[in-house]
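So the sequence lines, in the order shown, correspond to chains A and B. Under this note's numbering, think of the first position of the first sequence as 1, with each following residue one higher. Under this note's numbering, think of the first position of the second sequence as 1001, with each following residue one higher.
Keep in mind that the hints are not guaranteed to be accurate.
[What the hints assert, rightly or not] Think about it this way: if two alpha-carbon atoms lie no more than 25 Å apart in a straight line, the pair counts; the simulated BS3-like pairs of lysine-lysine are:
| # | chain 1 | residue 1 | chain 2 | residue 2 |
| --- | --- | --- | --- | --- |
| 1 | A | K439 | B | K1223 |
| 2 | A | K324 | B | K1223 |
| 3 | A | K244 | B | K1223 |
| 4 | A | K243 | B | K1210 |
[As the list claims (entries may be wrong)] Simulated restraints, written as ranges between beta carbons of each label pair:
| # | chain 1 | residue 1 | chain 2 | residue 2 | range |
| --- | --- | --- | --- | --- | --- |
| 5 | B | H1313 | A | N12 | 47 to 57 Å |
| 6 | B | N1334 | A | D320 | 49 to 59 Å |
| 7 | A | V42 | B | E1267 | 56 to 66 Å |
| 8 | B | G1312 | A | D416 | 18 to 28 Å |
| 9 | B | D1192 | A | E326 | 54 to 64 Å |
| 10 | B | S1197 | A | G83 | 20 to 30 Å |
| 11 | B | E1320 | A | K189 | 57 to 67 Å |
| 12 | B | K1182 | A | T63 | 39 to 49 Å |
For the record, the hints were derived by calculation from the structure and aren't laboratory data. C-beta: ideal position from N, C-alpha, C; glycine also.
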Amino acid sequence: MIAKSEINMFLNRAPHFDDITCSLKSTARQPKAMLKETRELVALARKFKEEVMKPLTLEMDRTMQKDPDYLPWEFVKKANDWGFYTLWIPRIFGGKGYNAPSMSYFLEELGSECLGLSNVIGVHYLAVVTTFASWNIRLINQLCREVAEGQRTGKPCLLSLAITEPGAGTDVEEVELVDQGNVSCKATKVEGGYSISGTKVFISSGHISRWHIVICYEDLKKPSDTMMIVAVKTGSKGFSFGKKEHKMGVKVCPASELVFDDCFVPDDLVLMNKKQNLAMRRTTKQTCCQIIDYVVSASRAGVAAWGTAAARGAFECALDYALKTEVNGKLLVNHEWAQAMLAEMYKNVAVSRLTYAETNYANGLYGMYKSIQFKPVFYYFKYVPQIIIDNIIDPILKLNITTWLFRKIQLDGQTDQEFHRTSGWGSLAKFSGTDAGVKNCHMALEMMGQDGLRQNNRAEKMLRDAKLLQIYEGTNQLNRINLFKCLVASGHSDVRVFEHE
Amino acid sequence: MNSQKETTVITREQDVVELDQTPASLPSEKIEAKAEPKKESKTAHRKPVPRTSKKELGMLAKSASEFAKKQLAPDREENDKFPFGPYFDHVLEKAFGVDFFHILLPENMNGMNQGLSALSVTLDNICQEDSSLGGVMFTTAAAQELMFAAGAGSEVEKIASKTNVNEFVIGLPVFNNPSEVKHIAQYKKAGDTYTLSGDLGYMVLGGMAKQALIPASRLGSSKFSYFLVDLTQSGVMKSEPILSLGLHACPAVDLTLSNARGILIGEEGNGAVYFEKMADRMHVAAAAMSLGIMKGSFKEAFDYAKKREQGGHTIINWSEVKMLLSNMAIKITNAEMILERACKAVDSHEPRWEARSRAAALHIQEMACELTTDGIQLLGGVGYMKDFGQEKRFRDAKHVQALLGIAPVKKIKFIEKMI
Chain A
1 MIAKSEINMF LNRAPHFDDI TCSLKSTARQ PKAMLKETRE LVALARKFKE
51 EVMKPLTLEM DRTMQKDPDY LPWEFVKKAN DWGFYTLWIP RIFGGKGYNA
101 PSMSYFLEEL GSECLGLSNV IGVHYLAVVT TFASWNIRLI NQLCREVAEG
151 QRTGKPCLLS LAITEPGAGT DVEEVELVDQ GNVSCKATKV EGGYSISGTK
201 VFISSGHISR WHIVICYEDL KKPSDTMMIV AVKTGSKGFS FGKKEHKMGV
251 KVCPASELVF DDCFVPDDLV LMNKKQNLAM RRTTKQTCCQ IIDYVVSASR
301 AGVAAWGTAA ARGAFECALD YALKTEVNGK LLVNHEWAQA MLAEMYKNVA
351 VSRLTYAETN YANGLYGMYK SIQFKPVFYY FKYVPQIIID NIIDPILKLN
401 ITTWLFRKIQ LDGQTDQEFH RTSGWGSLAK FSGTDAGVKN CHMALEMMGQ
451 DGLRQNNRAE KMLRDAKLLQ IYEGTNQLNR INLFKCLVAS GHSDVRVFEH
501 E
Chain B
1001 MNSQKETTVI TREQDVVELD QTPASLPSEK IEAKAEPKKE SKTAHRKPVP
1051 RTSKKELGML AKSASEFAKK QLAPDREEND KFPFGPYFDH VLEKAFGVDF
1101 FHILLPENMN GMNQGLSALS VTLDNICQED SSLGGVMFTT AAAQELMFAA
1151 GAGSEVEKIA SKTNVNEFVI GLPVFNNPSE VKHIAQYKKA GDTYTLSGDL
1201 GYMVLGGMAK QALIPASRLG SSKFSYFLVD LTQSGVMKSE PILSLGLHAC
1251 PAVDLTLSNA RGILIGEEGN GAVYFEKMAD RMHVAAAAMS LGIMKGSFKE
1301 AFDYAKKREQ GGHTIINWSE VKMLLSNMAI KITNAEMILE RACKAVDSHE
1351 PRWEARSRAA ALHIQEMACE LTTDGIQLLG GVGYMKDFGQ EKRFRDAKHV
1401 QALLGIAPVK KIKFIEKMI
């Protein structure tokens, strides 16, 4: 029928077989316990949604419209008490160690009630993921254990990720653009560390975070070659909060300006820089690109989950309305056109969910989650006794050689094709899910007419919230080009992306 | 404002003709012949409406544009804070002073005696900067139109004589067609007196207007009637202003009525007919609001794209951005052509003018929702913030789409009228 030698030849043709079969390939490899964990977390999210979020969602949105400078400390404390800031931190770093893909389902559950409150939990992990992308095990261990300690003591310790700058939004999300961009957050080497100066904007959860994972550059003219990632603690000398943005939606999750004015960052708070990169097989620019792809491949699955959540929240609003409202003398839900609209909305939810699931499969096979979802590692980390973690593993994690080893496995061990695959899927999920979210919100409002316009009916809030998803974590326009770059252009030598015309 | 006298004459009687009695081939003379005679006094009728010349429309557009730039644009974000910030009464008074609320009124009611083309061109220019004022103008004009459709011109005339804007504007639940979703009160009749009770949700301008048109039905009846109700009487309770998606400075309240006295508008049980007649004409005005929002969004995005740099170049020079801007510009150009043509059809009572009015609105409102989404997108993060007008336009476009009823139901109704 077909010779064995021909199989690879045909499968390597576009679309590459491995690009389009992540879920198929994953089913046999994934630890079964992941399903059990995910079931448990979805149930937990539903419980939290019922008991904590539902009474707060509309009230907090209204409060924020009245007083845009309000900060949601009460909710952060509640989420911390429920243990949400350590759920996806591996046990060896002091967390609860749930599998990473389960986060998407969890965030979808919470986001279908309120994207803002779900963000207050989720963006913490965006920063956590960035620390992991550096594979600086010693510092990851330090930061994660402080988060765990914050949960134990009831004093929340959140992390934020600071990338965007006033003059550089899309540019800093894409290595191909950053060298032509207008970046300004500069790191200058001083004795014992670095001095950071510059401003970061639109930093989600900035004002409520204790640690800020900051992207800065040693040479502003060569940012891709000199990118570094540092951790800055709230209260550090030279660091201050600027204004809190007044947004259309997702109001409860603050978007902050972070100001660095000769802010000293000691060497031991540098997650990654050019010097550390010397031990890697790729150039700094390539590693920089790889790290960004590591982060966005995971984080964009999360944003897609929020897009799914928006689509689902809007669908649920519309369905609820259709079930109890008479239009032209009969229940809206019994009009065939309304049933078709609701079916379309349901489809948007389901398809969006499939895209983030597929992205997570890709990350498990080729990206961020590859080593921790490897069955022996997964089960060892899951069941290793705490006493061994504290007395044996923790001291090992503090050794430089551990960082070196993880970087060899996770960074050097990943092929370009693999990180293109995860990044491409991250982008696909991101713009598919978020476009579907906005689309469903539009449809819900159209179905609900006058009643959809009222804040206390929730649908209009869903639309205001959902719109942000098309913008942050790389605009959907950038993500389309990234998908093209990763999943289409890589098979064609003549194709160039981000080329100015 | 002067009007040309030699143009097409449309009498109020024409408005009585049912939409489904107006086949495309039916000449306007026949429509006029079929109209029922009115029993109202002379002042109850709108005088002949002359067609507004291009020059006059240009002057109106200029006047509205200057007003919008001077009075609305500088405080757009502040005015949008209502109900958590002060209301822009002073702007409303100025708009009232320059007769923006008098455009459709006949000259004998201190009006401009203009048609929908004139109202639309004004709304278009106002809404480029801030559609909340457009919402107030639209609501008042819709209430006036509804009363004219019911032959209650004399009530319009009484209100039109008021010199205070709050006494002049009229509340109307303009985002709901009471035939579709029964957001209506109940009424009782005792002799010549009508009293209304029950809840009436989302009364636009209900918090500020002295009076409102309230749909209500008699117990056991499926039909509803409109009543002019003095909102200052003791039988009317108002909620706090409703926090809504857009048009924050065109606020609504929920009303609770307890034996509130009302004046019957037109005939009992004919509310649905009057609403449809009003809606036939006012759909183009709603479309004009959407067009204005589109133009404002495009201008902001276009200006920003010429200044903002990413990847070492102004973003307008990236072809993906060009494509987005081009799609916006094409939508606006098409919407302009559609609206101008639809307004002409309405003002001239061309065959199927009602269908053209509604089709224009349904299409342009949809385009406005798409366009304002891209309008934010082109500004990236700042487009989502309150500092620019883009997020407000996005909200307002969606809000305006709900004018005169549920969008998909309006579409279904459109084809049902053709079947």
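Checked hints:
{"no.": "1", "hint": "K439(A) with K1223(B)", "in the structure": "violated (36 Å)"}
{"no.": "2", "hint": "K324(A) with K1223(B)", "in the structure": "holds (21 Å)"}
{"no.": "3", "hint": "K244(A) with K1223(B)", "in the structure": "violated (52 Å)"}
{"no.": "4", "hint": "K243(A) with K1210(B)", "in the structure": "violated (41 Å)"}
{"no.": "5", "hint": "H1313(B) with N12(A): 47 to 57 Å", "in the structure": "violated (36 Å)"}
{"no.": "6", "hint": "N1334(B) with D320(A): 49 to 59 Å", "in the structure": "violated (36 Å)"}
{"no.": "7", "hint": "V42(A) with E1267(B): 56 to 66 Å", "in the structure": "holds (58 Å)"}
{"no.": "8", "hint": "G1312(B) with D416(A): 18 to 28 Å", "in the structure": "holds (25 Å)"}
{"no.": "9", "hint": "D1192(B) with E326(A): 54 to 64 Å", "in the structure": "violated (33 Å)"}
{"no.": "10", "hint": "S1197(B) with G83(A): 20 to 30 Å", "in the structure": "violated (52 Å)"}
{"no.": "11", "hint": "E1320(B) with K189(A): 57 to 67 Å", "in the structure": "violated (38 Å)"}
{"no.": "12", "hint": "K1182(B) with T63(A): 39 to 49 Å", "in the structure": "violated (33 Å)"}
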